[in-house]
Amino acid sequence: MLSSLRSSLAFHRTGLRLLGVVRKIDPTLLPVNLVYALAQVAGVYVGLALTAGLVDALVALEARRAVVFAAGVAVTSCASACVCAFCKRRATVGGMRCAWRFSAMLREKALSLSYETAEDPKLAERLAYIERTAQMHGNIGTVPRYYRDLLSAAANMLTCVSLVVALAFSRPVAAGWLGVVASPAVSAGLLVLVLLAAVGGNTLVGRARTRLMAWVTSTHSSVENRLIYLLNLVLFDRRVPKVSRIYDMGDMLMRNIEKNQRASMSYFDRWISGERRIDVGTSAVNAAFTVASYALVAVKVLAGAITVGAFTQYAGALAQF
Numbered sequence: 095m096l097s098s099l100r101s102s103l104a105f106h107r108t109g110l111r112l113l114g115v116v117r118k119i120d121p122t123l124l125p126v127n128l129v130y131a132l133a134q135v136a137g138v139y140v141g142l143a144l145t146a147g148l149v150d151a152l153v154a155l156e157a158r159r160a161v162v163f164a165a166g167v168a169v170t171s172c173a174s175a176c177v178c179a180f181c182k183r184r185a186t187v188g189g190m191r192c193a194w195r196f197s198a199m200l201r202e203k204a205l206s207l208s209y210e211t212a213e214d215p216k217l218a219e220r221l222a223y224i225e226r227t228a229q230m231h232g233n234i235g236t237v238p239r240y241y242r243d244l245l246s247a248a249a250n251m252l253t254c255v256s257l258v259v260a261l262a263f264s265r266p267v268a269a270g271w272l273g274v275v276a277s278p279a280v281s282a283g284l285l286v287l288v289l290l291a292a293v294g295g296n297t298l299v300g301r302a303r304t305r306l307m308a309w310v311t312s313t314h315s316s317v318e319n320r321l322i323y324l325l326n327l328v329l330f331d332r333r334v335p336k337v338s339r340i341y342d343m344g345d346m347l348m349r350n351i352e353k354n355q356r357a358s359m360s361y362f363d364r365w366i367s368g369e370r371r372i373d374v375g376t377s378a379v380n381a382a383f384t385v386a387s388y389a390l391v392a393v394k395v396l397a398g399a400i401t402v403g404a405f406t407q408y409a410g411a412l413a414q415f
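When we follow the numbering used here, the leftmost residue of the sequence shown carries the number 95, and every step to the right adds one.
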């Protein structure tokens with residue numbers, strides 16, 4: 095646990111340094127990503143609140159109020175979509191600019207070194223490793239996107255938790271067993287149990303995915319290395335046709351190709367089967383959580399603790415978990 099925390103802190107220290115580089119290259123990119131993250135969350139929850147008001151107005155047969163809420167839903171949806179589309183385009187272009195500039199900075203650094211330093215094979219290998227790693231992970235231009243997603247998830251979680259707390263402590267009007275189940279204490283306890291069950295289920299699924307990816311990484315290396323050796327050192331060598339005829343190696347080479355292809359297919363079949371089982375587990379956990387959440391919100395509605403329209407708001411908020 096402690097080592098994982100240290101690793102996470104080290105990761106974010108590096109991330110913050112990279113954000114500093116991004117800010118120097120394009121000062122507007124970070125504010126654009128901030129607006130993008132907040133617009134995404136605001137669009138969801140403002141839309142849910144207005145939809146709840148619209149449903150309540152329709153239930154009460156208040157046409158004028160229903161029109162106002164319907165217009166609000168339309169305007170909010172349109173405004174959120176426009177802001178997000180603009181920010182997404184701007185973030186994509188800015189990210190590409192940062193990637194190109196970072197690549198140029200690496201080359202400028204290499205050119206500024208002394209001849210003795212530049213001729214060091216270890217340095218050349220290090221620079222190649224940096225560029226290859228950057229290309230594999232999306233380069234520096236994707237760092238703002240990762241932190242934008244993190245900020246969006248945090249804002250979504252805070253808003254969702256506040257609505258869940260409000261739902262739990264809404265007081266029922268009905269008496270009897272329905273009033274007891276919908277009471278703040280019982281509702282809070284049930285919500286906590288449902289959330290813990292969902293977190294536990296997703297944790298188990300996440301561990302299974304981690305084990306699968308660890309197996310994929312280790313196995314893929316051995317399979318890939320065998321194929322690369324066979325292709326690069328044997329099949330793509332222009333001397334192979336002559337040598338294979340002299341020593342009658344054609345059948346042996348084809349047997350090795352087929353052997354490696356079978357190993358690759360077996361490997362990919364197991365990978366896909368594992369992913370499918372994990373997807374089924376994730377869907378099952380999410381479905382159970384959704385059904386339990388809707389049932390709790392429905393009890394609140396039946397007990398008179400919240401309105402019918404609020405069902406959409408609170409059910410939608412719980413779905414954001």
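Just so you know, these hints were derived from the structure itself, not from any lab.
Hints may contain errors.
Unchecked claim - Derived DSSO-like pairs: lysine-lysine, alpha-carbon spacing no greater than 30 Å straight-line: (1) Lys353 with Lys216; (2) Lys203 with Lys118; (3) Lys216 with Lys203; (4) Lys118 with Lys182.
Said to hold, decoys possible - Here are the in silico distance ranges between beta carbons for each label pair: (5) Met190 with Ala282: 45 to 53 Å; (6) Leu128 with Val280: 36 to 44 Å; (7) Leu132 with Thr108: 21 to 29 Å.
Idealized CB from N, CA, C, for every residue including glycine.
Notebook entry, point to check: Can the restraint linking Lys353 and Lys216 be considered satisfied, given a maximum Cα separation of 30 Å?
Noted result: Answer violated: Lys353 to Lys216 is near 37 Å, above 30 Å.
Item checked: Distance restraint hint 21 to 29 Å, applied to the beta-carbon atoms of Leu132 and Thr108 -> holds (25 Å)
Margin query: For the hint 45 to 53 Å, verify it against the beta carbon of Met190 and that of Ala282.
Written below: holds (48 Å)
Check: Between Lys118 and Lys182, does the CA-CA distance stay at or below 30 Å?
Finding: holds (20 Å)
Checklist line | Consistency of beta-carbon spacing, Val280 to Leu128, with hint 36 to 44 Å | finding: This hint holds: roughly 40 Å between Cβ atoms.
Margin query: So if I understand the rule, the pair passes when the alpha-carbon distance is 30 Å or less; does Lys216 with Lys203 pass?
Written below: holds (15 Å)
Check: Is it true that the CA of Lys203 sits at most 30 Å from the CA of Lys118?
Finding: holds (16 Å)
Checked against the numbered hints above, the structure violates only hint 1.
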